[in-house]
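Student: So the sequences go chain by chain: A and B. FYI, in this note's numbering the residues of the first sequence are 1 to 288. FYI, in this note's numbering the residues of the second sequence are 289 to 957.
Think of the hints as simulated: they come from the structure by calculation, not from any bench. There may be inaccurate statements among the hints.
If you want a taste of the chain B side facing chain A, the calculated C-beta under 7 Å gives, among others [stated by the list, open to error]: (1) Pro630; (2) Tyr752; (3) Asp935.
What follows is a list of derived Cβ distance ranges for each label pair [said to hold, decoys possible]: (4) A:Thr97 with B:Pro335: 34 to 42 Å; (5) B:Glu793 with A:Asp182: 35 to 43 Å; (6) A:Arg52 with B:Cys883: 54 to 62 Å; (7) A:Arg273 with B:Met659: 57 to 65 Å; (8) A:Asp182 with B:Val738: 53 to 61 Å; (9) A:Arg273 with B:Gly555: 28 to 36 Å; (10) B:Ile483 with A:Arg52: 56 to 64 Å; (11) B:Tyr945 with A:Val105: 52 to 60 Å; (12) B:Val738 with A:Thr97: 30 to 38 Å; (13) A:Asp182 with B:Thr556: 26 to 34 Å; (14) A:Arg266 with B:Thr556: 50 to 58 Å; (15) A:Arg266 with B:Glu775: 38 to 46 Å; (16) A:Arg266 with B:Met659: 19 to 27 Å; (17) B:Arg745 with A:Asp182: 28 to 36 Å.
Every residue gets a Cβ at the ideal spot worked out from N, C-alpha and C, and that includes glycine.
Here is what each chain is made of, one letter per residue.
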Amino acid sequence: MKIGFYPGCSVDGGSREYKESCRALAKAYGIELESVPDWNCCGASAAHNLNRELALALPARILSLAEKAGMTDLLVPCAACYNRLMLTQHELMKDETLRKNISEVTGLEFKGTCSILNVVHWIQKWILPELPEKIKKPFDYKVACYYGCLLVRPHKVLKFDRPEDPQSLDEVMKLIGATPVDWAFKTECCGAGLSVSKTDVVADLSGKIVRDAVYRQADALIVACPMCHSNLDMRRREINGYLKQNVSLPVIYVTQAIGLALGIDRKELGLHRHFVPVNLPEKAEATK
Amino acid sequence: MARIGVFVCHCGENISATVDCDRVAENASGLPGVVHSVDYKYMCSDPGQTLIKEAIKEHKLTGVVVAACSPRMHEPTFRKACAEAGLNPFLCEMANVREHCSWVHEKTESTTQKAKDVVRLLVEKVKRNEALQPIKVPVTKKAVVIGGGVAGIQASLDIANGGHQVLLVEREPSIGGHMSQLSETFPTLDCSQCILTPRMVEVAQHPNITLWSYSEVIGLDGFIGNFTVKIRKKAKSIDEHLCTGCGLCTQKCPVRKIPSEFEQGLGTRPAIYTPFPQAVPNKPVIDKLNCTYYLKGRCKLCERVCPTQAIRFDQPDEIVEVQAGAIVLATGYDIKRTDFFPEYGYGKYKDVIDGLQFERLASASGPTGGMIRRPSDGQIPKNIVFVACAGSRDPAKGIEYCSKICCMYTAKHAMLYKHKVHDGTPYVFYMDIRAAGKDYDEFTRRAIEVDRTKYIRGRVSRIYEKEGKLVVVGADTLLGGQKVEIEADMVVLATASVANPGSEELAQIVHVSYDRYKFFAEAHPKLKPVETNTAGIFLAGACQAPKDIPESVSAASGAAAKVLGLFANDELTREPLVAVVNRMAPPLFSTCIGCFLCQPVCPYNAIEREEFKTRDGKLLKAVARINPGLCQGCGTCVALCRSKSIDLYGYSNKQIYTEVSALLDEALV
């Protein structure tokens with residue numbers, strides 16, 4: 001079984017453990033993730049603030065290439081890439097003139113036939129059906145599922161989960177044996193791109209997220225976005241400075257958590273690449 | 289032979305500025321059948337009308353075409369003038385050369401040509417007009433008011449005081465509606481029950497009012513002046529004539545933990561209950577879903593203690609048909625109270641409550657005796673946050689309208705809180721303060737300036753519980769969007785006012801239209817605010833849109849005035865522009881083939897089945913018949929009829945066809 005795959009810059013670079021865990025999961029299911037040939041930047045963060053045509057043309061080219069390669073399902077693990085691709089498809093499908101103009105820019109026909117899947121979609125569609133019998137070691141931890149902003153917003157376009165109190169990650173976590181905590185920061189801002197330019201703001205925003213997860217006694221934060229991950233994980237030193245305490249709460253991709261439940265090797269899931277070491281308490285593993 | 293008169297109006301310069309009126313008149317005089325044609329500066333003026341009247345007499349006109357404004361404007365004027373001159377008013381037609389011609393075109397030759405064309409086709413139409421007689425229908429002088437809140441109470445009393453019979457139908461065991469739940473009312477802070485309960489008693493005692501509580505309207509047939517209302521009187525399981533309302537049964541009932549609807553779930557009630565002490569009628573009903581006898585077949589404690597043997601466990605629901613001439617819908621509103629606001633933790637945190645719950649906490653007759661205590665542990669909250677616009681004015685939530693009452697009641701809540709908890713701090717998050725009304729703005733200013741409520745202009749993004757406090761996270765947009773976090777002991781959400789559950793169903797039963805929010809639709813937003821599109825059915829109160837008490841009462845009195853106006857006549861007169869299914873001699877009876885496809889498309893339920901039988905009762909033929917009392921002349925059935933058996937008076941197929949032919953300048957049929 002082949003499924004289209006759009007890595008984007010972060011999953012191909014700084015967050016490669018996200019890609020590794022996606023691929024590891026796919027492998028366990030006999031799915032081959034086939035990258036979009038000659039893919040380019042999705043334009044996230046920069047393009048849509050500056051130039052509408054560019055902001056639409058970049059994702060349109062990716063989608064056209066995927067269509068040309070015959071991909072019907074396209075997995076886009078990065079929430080920002082997912083958001084750009086979905087918005088572009090939405091804009092182009094409702095305006096024929098725009099579609100024509102953008103096709104002229106990219107030099108490729110755009111049909112809008114690709115079904116764009118974020119990682120939770122993908123898990124729901126391809127991983128969940130056979131999940132129960134594949135679980136080797138239930139992920140018996142208290143987890144705080146963090147959705148961030150781009151996975152569920154804007155609801156009008158994405159039509160995914162409920163934007164103010166999303167549940168999809170919590171549901172997936174329950175299925176692998178975890179206990180999602182009821183907490184208040186599911187969709188609060190992590191600071192996003194300010195990670196580089198205003199690290200203190202990120203320390204403040206992400207710090208509050210981490211603090212609440214700790215207060216709710218979560219063993220891990222579960223994420224589905226490389227940007228969220230880098231702020232909560234890579235910026236932990238700054239967060240600790242802001243919180244004036246050392247927090248060892250690990251930040252795990254949803255794919256990694258499922259991978260652990262399936263008994264996939266930690267290294268294959270890229271768990272060794274995190275800044276905050278993923279040392280889940282032993283007690284849970286001992287009970288199972 | 290037709291003798292048509294054409295009267296071309298200049299409408300000052302409204303028409304004559306772009307249309308050459310005298311040439312239009314001159315041209316008309318050459319049309320076949322036209323015996324008289326003039327133009328005049330103001331045809332609707334007295335001299336103008338006299339011109340028409342005299343011409344009718346002088347030239348023995350059989351038809352009149354007035355080339356002027358839209359028929360919506362002056363058709364009644366000219367038809368009346370014709371009638372005064374002895375011509376059947378339905379032989380007068382308007383050729384619209386203003387809205388359809390002079391106002392929308394430049395002064396060119398083709399504009400005048402268009403005016404000529406419009407006149408020509410109306411001349412052809414009027415030749416085929418028939419003299420029609422207005423339809424008379426009798427009026428049953430009894431009104432049914434549906435809903436016994438303050439609007440229904442007011443409408444009932446006004447109609448009853450006007451000398452007519454009223455049947456007030458209320459779904460709950462008692463009348464009173466939401467107003468009876470309120471603590472005090474804005475902008476005067478007078479006690480809600482103190483002003484409402486005398487009205488409730490008046491309803492119960494009024495000789496012209498029959499009150500059926502615990503009853504629902506389940507069907508409606510007929511038309512203005514002649515409705516048949518089908519009502520289900522739900523079994524109360526007591527004999528109302530024997531019951532004295534002593535309350536012994538409600539005291540002894542062993543099932544006591546049912547969340548009270550009246551207390552908004554903050555208090556409990558037994559299975560046999562009256563909703564509140566001042567209920568009207570003050571006689572209990574048995575809640576069959578919670579009564580031990582109905583659930584398990586034993587108990588009957590109430591039956592044993594009842595001093596008058598009034599308990600009737602085997603009482604069935606009763607379905608009654610009532611004749612009425614007018615209906616008033618006063619079914620009120622509800623508030624949003626689901627997990628519609630997951631970000632506010634409503635339904636998750638006990639101390640996040642809605643406005644009606646706060647009313648009960650603040651009410652002297654409420655579960656806390658009027659002390660503001662939070663539901664979770666009974667503590668008196670020292671920091672209380674009120675969130676206005678919880679759901680309202682939020683396109684993302686699908687409720688784009690303003691719920692209207694929240695700004696005022698939130699200010700009232702803050703004041704009531706401050707009057708009871710002197711050392712407490714009330715905060716209000718708001719979008720705008722909409723306090724338009726007599727003494728309203730003064731009231732909200734008092735909440736801010738005298739009672740020191742802290743008003744924060746901004747929305748709340750999230751409420752979460754931490755260490756026993758409710759953390760309210762919002763923005764202060766007057767401080768440049770600065771983030772505000774308040775640790776509150778209790779939060780009150782002014783949740784959106786929405787249509788009552790069941791309103792859509794009721795609208796379909798009584799055939800009135802409703803808007804996308806399921807509020808009943810008025811016939812005209814400004815000029816017919818209490819009428820519906822269905823003649824004889826009127827609206828009162830918040831079933832139409834969110835309304836406060838004064839507005840609901842005004843609307844109710846307005847609806848009552850309409851009902852009284854209707855009842856002032858023994859017969860109703862309506863325009864005879866209705867559809868009719870043709871009739872002919874036996875054995876055909878009609879060209880109608882009895883397919884009845886017209887029945888489901890009729891928006892007014894005006895199409896009935898008429899059967900022709902032999903003397904011994906054998907069915908010869910069934911054909912459609914249109915009830916002229918119900919038909920609104922929309923013509924949908926005419927367009928649909930497969931055998932072309934239906935025609936519309938005033939707009940017959942023949943007339944329309946001639947008009948089109950005249951326009952195309954073809955040989956006339």
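Student: Honestly, do arginine 273 of chain A and methionine 659 of chain B meet the 57 to 65 Å range at C-beta?
Tutor: Given a distance of about 58 Å, which is inside 57 to 65 Å, the answer is holds.
Student: I want to verify a distance hint. Is the separation of the beta carbons of glutamate 793 of chain B and aspartate 182 of chain A within 35 to 43 Å?
Tutor: holds (36 Å)
Student: Honestly, do valine 738 of chain B and threonine 97 of chain A meet the 30 to 38 Å range at C-beta?
Tutor: violated (59 Å)
Student: Measuring from beta carbon to beta carbon, are arginine 273 of chain A and glycine 555 of chain B in 28 to 36 Å?
Tutor: violated (58 Å)
Student: With respect to the beta-carbon atoms only, verify the hint that arginine 52 of chain A and cysteine 883 of chain B lie 54 to 62 Å apart.
Tutor: The hinted range 54 to 62 Å holds for arginine 52 of chain A and cysteine 883 of chain B, with Cβ atoms some 56 Å apart.
Student: Kindly confirm whether 50 to 58 Å is satisfied by the beta carbon distance between arginine 266 of chain A and threonine 556 of chain B.
Tutor: holds (55 Å)
Student: Quick check on the hint: proline 630 of chain B CB to chain A CB, less than 7 Å?
Tutor: holds (3 Å)
Student: Does aspartate 935 of chain B hold up as a contact with chain A if the rule is Cβ-Cβ below 7 Å?
Tutor: The hint is violated - aspartate 935 of chain B has no Cβ within 7 Å of chain A, the shortest such distance being about 45 Å.
Student: Would you say the C-beta atoms of threonine 97 of chain A and proline 335 of chain B sit inside 34 to 42 Å of each other?
Tutor: Violated - the Cβ-Cβ distance for threonine 97 of chain A and proline 335 of chain B, about 58 Å, lies outside 34 to 42 Å.
Student: State, for the Cβ atoms of aspartate 182 of chain A and valine 738 of chain B, whether the hinted interval 53 to 61 Å holds or is violated.
Tutor: With a Cβ separation near 40 Å, aspartate 182 of chain A and valine 738 of chain B fall outside 53 to 61 Å, so the hint is violated.
Student: Using the beta carbons of isoleucine 483 of chain B and arginine 52 of chain A, state whether their distance is inside 56 to 64 Å or not.
Tutor: Taking Cβ atoms as reference, isoleucine 483 of chain B and arginine 52 of chain A lie about 59 Å apart, which means the hint holds.
Student: For the hint 26 to 34 Å, verify it against the beta carbon of aspartate 182 of chain A and that of threonine 556 of chain B.
Tutor: holds (28 Å)
Hints 3, 4, 8, 9, 12 and 16 from the earlier list are contradicted by this structure; the remaining hints agree with it.
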